[in-house]
Amino acid sequence: MRILAIIRQVLDAEESVYVDNRTVDLKGRKLVMDTMDEYGVEEALRIRERGAEAEIVVVGIGPARFEEALRSALSMGADRAIHVETDQEVDPIALSGVVAAIARKEEAQMIFCGGQQADWDSQALGAAVAEHLDWPALTWTRKLELKGTTLAGQRDAEDGVESFEVDLPAVVTTQQDLNEPRYPTLPNIMKAKRKEIRRETLESFGVALKVRSHGVEAQNRERLREVIDGRDAAAAASQLVAMLREKAGVMA
Amino acid sequence: MSTATVSHSSRKVSGGAFLVEDLLPGEIFTPEDLSDEQKQMAEITADFADKHVLGNIQEIEAKNFDLSRKLMRDLGELGLLSVDVPEAYGGMELGHVTSAMLTDKIAVSGSFSVTFSAHVGIGMLPLIWYGSPEQKQKYLPKLASGEWIAAYALSEASAGSDAMNIHTRAALSPDGKHYVLNGEKMWISNAGMAGLFTIFAKVDGEKFTAFLVEAGTPGLTVGPEEHKLGIRGSSTCPLALVDCLVPVENVLGEIGKGHHIAFNVLDVGRYKLAASAVGGARTVLRDGIRYGRDRIAFGKPVTSFGLIQEKIADTAADVYAGEAAVYRTVGAIDAAMPEGEKSPQQIQRAIEEFAVECSILKFWGSEMLERAVDKMFQIFGGYGFVEEFPVERAYRDSRINKIFEGTNEINRLITTGWMVKRAMQGRLALLPAIKKVMDEVMAGPSLQAPPSGALGAERSLVRNAKKLGLFCSGAASQRFGTELSEQQEVVGMLADMLAEIMVSESALLRAEKSAEQMPMGVRLAKYFIANSFRRMVMLAEKLVAAVAEGDTLRTQMAIVRRLAKHEPVNTVALGREITATMVAAGRYTVEEVRG
Amino acid sequence: MILVVVAHADGRVGRSTFGLIAAARQIGRSGPVTALVLGSGVAGVATEIAPYVDQVLVADREELAQYDPQVWAAAVAQIAHEGEADTILLTASRSGRESSARVAVKLDAALLEDVVSVVDRQGALVAERYSCLARVTERIEALSPVVVVSVKPGIFAAAEPTGAEPGEQYDVELAVPPARVRVTGKVRYATDRIALADADVVVSGGRGVGDAAGFERLVVGLADQLGAAVGATRAVVDAGWRPYSEQVGQTGKTVQPKVYIAVGISGAVQHLSGMNKSRLIVAINKDSEAPIFRVCDFGIVGNVESVVPAMIEQIAAARLSRAGS
Ligand SMILES: Cc1cc2nc3c(=O)[nH]c(=O)nc-3n(C[C@H](O)[C@H](O)[C@H](O)COP(=O)(O)OP(=O)(O)OC[C@H]3O[C@@H](n4cnc5c(N)ncnc54)[C@H](O)[C@@H]3O)c2cc1C
Ligand SMILES: Cc1cc2nc3c(=O)[nH]c(=O)nc-3n(C[C@H](O)[C@H](O)[C@H](O)COP(=O)(O)OP(=O)(O)OC[C@H]3O[C@@H](n4cnc5c(N)ncnc54)[C@H](O)[C@@H]3O)c2cc1C
Chain A
0 MRILAIIRQV LDAEESVYVD NRTVDLKGRK LVMDTMDEYG VEEALRIRER GAEAEIVVVG
60 IGPARFEEAL RSALSMGADR AIHVETDQEV DPIALSGVVA AIARKEEAQM IFCGGQQADW
120 DSQALGAAVA EHLDWPALTW TRKLELKGTT LAGQRDAEDG VESFEVDLPA VVTTQQDLNE
180 PRYPTLPNIM KAKRKEIRRE TLESFGVALK VRSHGVEAQN RERLREVIDG RDAAAAASQL
240 VAMLREKAGV MA
Chain B
0 MSTATVSHSS RKVSGGAFLV EDLLPGEIFT PEDLSDEQKQ MAEITADFAD KHVLGNIQEI
60 EAKNFDLSRK LMRDLGELGL LSVDVPEAYG GMELGHVTSA MLTDKIAVSG SFSVTFSAHV
120 GIGMLPLIWY GSPEQKQKYL PKLASGEWIA AYALSEASAG SDAMNIHTRA ALSPDGKHYV
180 LNGEKMWISN AGMAGLFTIF AKVDGEKFTA FLVEAGTPGL TVGPEEHKLG IRGSSTCPLA
240 LVDCLVPVEN VLGEIGKGHH IAFNVLDVGR YKLAASAVGG ARTVLRDGIR YGRDRIAFGK
300 PVTSFGLIQE KIADTAADVY AGEAAVYRTV GAIDAAMPEG EKSPQQIQRA IEEFAVECSI
360 LKFWGSEMLE RAVDKMFQIF GGYGFVEEFP VERAYRDSRI NKIFEGTNEI NRLITTGWMV
420 KRAMQGRLAL LPAIKKVMDE VMAGPSLQAP PSGALGAERS LVRNAKKLGL FCSGAASQRF
480 GTELSEQQEV VGMLADMLAE IMVSESALLR AEKSAEQMPM GVRLAKYFIA NSFRRMVMLA
540 EKLVAAVAEG DTLRTQMAIV RRLAKHEPVN TVALGREITA TMVAAGRYTV EEVRG
Chain C
0 MILVVVAHAD GRVGRSTFGL IAAARQIGRS GPVTALVLGS GVAGVATEIA PYVDQVLVAD
60 REELAQYDPQ VWAAAVAQIA HEGEADTILL TASRSGRESS ARVAVKLDAA LLEDVVSVVD
120 RQGALVAERY SCLARVTERI EALSPVVVVS VKPGIFAAAE PTGAEPGEQY DVELAVPPAR
180 VRVTGKVRYA TDRIALADAD VVVSGGRGVG DAAGFERLVV GLADQLGAAV GATRAVVDAG
240 WRPYSEQVGQ TGKTVQPKVY IAVGISGAVQ HLSGMNKSRL IVAINKDSEA PIFRVCDFGI
300 VGNVESVVPA MIEQIAAARL SRAGS
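Protein chains in written order, with numbering that gives the first Met the number 0: chain A, 0 to 251; chain B, 0 to 594; chain C, 0 to 324.
In silico BS3-like cross-links for lysine-lysine, where the CA-CA straight-line distance does not exceed 27 Å:
#, chain 1, residue 1, chain 2, residue 2
1, B, 141, B, 176
2, B, 227, B, 401
3, B, 341, A, 190
4, A, 194, B, 38
5, B, 38, A, 190
6, B, 69, B, 50
7, B, 50, A, 26
8, B, 206, B, 256
9, B, 69, B, 137
10, C, 285, B, 299
11, A, 29, B, 50
12, C, 276, B, 299
13, B, 564, B, 435
14, B, 564, B, 541
15, B, 435, B, 420
16, A, 26, B, 38
17, C, 185, A, 146
18, B, 341, B, 256
19, B, 38, A, 192
20, A, 104, C, 105
21, B, 135, A, 190
22, B, 62, C, 285
23, B, 206, B, 135
24, A, 142, B, 50
25, B, 227, B, 69
26, A, 29, B, 38
27, A, 190, B, 141
28, B, 541, B, 420
29, C, 285, B, 50
30, A, 142, C, 185
31, A, 246, B, 299
32, B, 341, B, 206
Here are the simulated distance ranges between beta carbons:
#, chain 1, residue 1, chain 2, residue 2, range
33, A, 192, B, 344, 28 to 38 Å
34, B, 227, C, 197, 49 to 59 Å
35, B, 300, A, 212, 24 to 34 Å
Honestly, the hints are just simulated from the structure, not real lab data.
Using N, Cα and C, we set each Cβ at its ideal position, and we do this for glycine too.
Sequences are here, hints too, so could you generate the full structure?
Here it is as structure tokens:
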């Protein structure tokens, strides 16, 4: 079996966002593998460690810097990587076509991808890839178990937790708490150096963009930040209650 | 994997060369030269430190040693405890650069850093370097996995700095199977959780010898935890040895050669202490910047005030120069190590070669950390003084660094003493260099064109700093001759001058090496060197005043002034620029970050 | 035609759908605003929505009883295609976002995801959305004539009835593919509280409330006094103290109330991204360094165990005295 894990590289959540010339300035900032995707890489590894025979291929579609994220995934234990290099911002629907093409060529049976992108806040990629391939998608999974070619598990639905079963192939989207991603060990970091990263160009996939971005604007709402000492709980509470009444019209 | 798998670009240089030679940027190792793999290791370690060390800091500080031990095992699983362990024993043997880098990156808590360093540094290195194959086979895997924690027991209640004067005795048992150890040890880091102790004792009261002693050995008692000012989450206990029976197989190295083990290990302990000080300073700088950025006074973030900005710039420049000095030294040690299997003598030689750098790093690094902590403390104002804020802990934790691994006084004495001794032995061209400077100043102003480039002025400042250092060494030796060691204050000033030179030059070379890609490095180096040179001149004046009088004093002062002549850099403006970037990044950075 | 996919539960139209209809009217594209009702036994839903739209398409089918994104997307795409819809609007709930991605692929259309505004500019749809964990607003433009739009709930004010005759209802024929995911069980969250997206005041609790009982006492207790909705952090949801439906943040709901009261919440970016658009943010936390204090308007550094009960008591007392006078 072959498992693809789609990964992206994004601004570390702890870094502040600075907008210049309508783009988020990444220069000198800490960039990391999107944590949402990292859960997918981890889960693929665990599926293999629980006994499934699988080759795990990580796929990144983005600028040259994505290679760092691909290396991290290889150090975690993925077998090889495919890097479709482009500086273009490709919308998730257009991107899904590329992923589907790779999945077909690689004859993948399972595709992992993060539930939501930490930069463009999109949740579309997993479902869109599944649609291209005419596969089912299990989104927002919180527990997975592979029995033969049947994938069982639990996922977060809008109104509760759903238990499911599905026959492979399938797309799976991942989120926090599905697992705790491992740190690469030092020996594995050294080993990853020799693993293959295949480079391809976006052009060879002939994608047509579906959405164009006109840039971003920072939204820094100034906050009052009036912080008081609450050791005298009653006094602090009454200050807060008064403030809610006067400034917010609550309990008016 | 040998050190060759990680890039290094350090030329083979001799120890102490920084004073008498002018190196080229390409000849030193800098943090920018770390390989992609090393950077990945650094990131993992830093992430682990933030999440699992800082994330559990209250527990750690409350001496939950089960937790500390678990964290050590976790590090062991990641391979982070086997960086110095030879491949033959399942280790990685990645070299001193990697080892220092991990020590640097783990340093977010004084307590945990001591636990870590006392294990991988002074704890494990005696065995790694001097252990027999059987000893290594027996103990290294357990230590590399973190299953056992290691400790190093040299100090005693009445023998700290004066470590050769230890009173613990060892005598061969009548059946010849054991050494019987009697005595006590004091201040032993990790003692409360250690599985293996390297204990130094004198066989028959005279032959300084190291012993590997397992916890639980009859006759070995670990005393109660000390109640400490800082690093409260680390374990520090006395040991009592009452007819403690240590099997003869557990003698480490040769009988009577234990002091080599003790001191060589300390050299490494010293650069590691500096690496950890640099990491600690970087952490506290981040805390200070983040607090200051959010703290509003007079309607503005306090980081917008010049006097606060100056503290941030000072500390950032200190961290930059500290990194430069540490990585340069470990890079040089790696380059001096022979490839492949190394005998204890080869290791000893390579490390001893850089003993002076290690001592400088120890005292300069610990004092740099203390400055950093104090400055960042000030940004916190009153909040810095209460336990809820990390800087309160950092303030208490930093103090120990000036005490252990050889007090800063002892390391200053070693620094100058080593230099003088090398010169006397003719192994360091100090005397010709001094003579050259003397001749040069006597000959009057030279017409040498100032070096060009973004850091041309700094290159000539560092060159002049060296001349000042050489001149002062000459002046002091001229006055005191072999009695110099009796003049500790002067010896101390010379050590401080050597430190300024070593660290400034490291900053200079580092910045030059990456000047094009890294304009921030150029700014930080300029800032550091400008202030370092000011300190240098003050030291020179103070020294000359202590060694000369009358006409000699006037002549020597004229020389000092001539060597000190330069166009000063506006460090106020430069400092503001530096701070703006650090505040935008919310941490120390060498990149151009806007925000 | 502008196709609005109606979200419904328990036989009622979901509130967010009225926002979708408002968005459809403001978009500036011609053609009837058409509601699409998919499900089983949904006649009541169709009748409820009819007064708000120009026409209603109903596919009342047994196979649609259970929501399956792949099946629903196929149905939406087929109807959009046959009806030559150029704009298809869905609610940007998780399930809505999942099926909208599939619909876009099926129709070879652009997807404008989770938008807070959307309007036609010379034939091209231009929208705004939050990105980078809701720290920036991005402007995007669809490059295809047919566009699928998922609209962030709680942004558009609910549409009023058209005032004209209720929209005509049509039954539609569908080729429904079989569902491939077998749902083998479901634990539903029960909640009878005011919905997060609709509330003027939200009281949210984090791990700092101690345990599930503490949450009930402090957070729900305060919300009751204020007539507020209840929110929770991921940590609280993961601990099983509260249902996922109450989670606020990157992987939960996004809220924009007039007042957001954070009780024992540290203020991780992933949480902030779900509430940083609130008009007024109040924080109660014992750690003066907690990041939440950097984004709050009013904060109390103190123990929730003492501050919150004092608040509850004072608000209750004020209410009593007002009732008495
Ligand atoms: C928390 C902690 C952990 C420690 N961990 C370990 C450990 O793991 N293993 C271990 O073996 N030891 C350890 N030590 C011991 C430490 O190395 C010694 O405390 C240190 O070497 C200083 O020795 P001392 O305390 O006896 O001071 P002293 O030697 O009594 O020195 C007192 C003062 O006199 C100065 N002084 C001494 N001699 C001279 C001189 N010749 N010229 C000028 N000044 C001089 C010193 O610099 C110092 O300022 C630890 C100590 C502490 C506090
Ligand atoms: C990919 C990803 C997605 C995520 N999505 C979300 C999301 O959608 N929503 C979300 O909320 N999180 C999300 N998270 C998790 C997020 O990073 C935080 O872990 C989480 O928000 C923390 O919840 P908390 O504030 O309840 O807990 P903590 O961070 O543990 O904070 C508890 C706070 O309570 C305070 N406290 C404790 N006791 C008291 C007391 N007695 N009185 C007053 N204060 C007290 C403490 O000082 C502390 O600040 C996500 C994380 C990842 C990696």
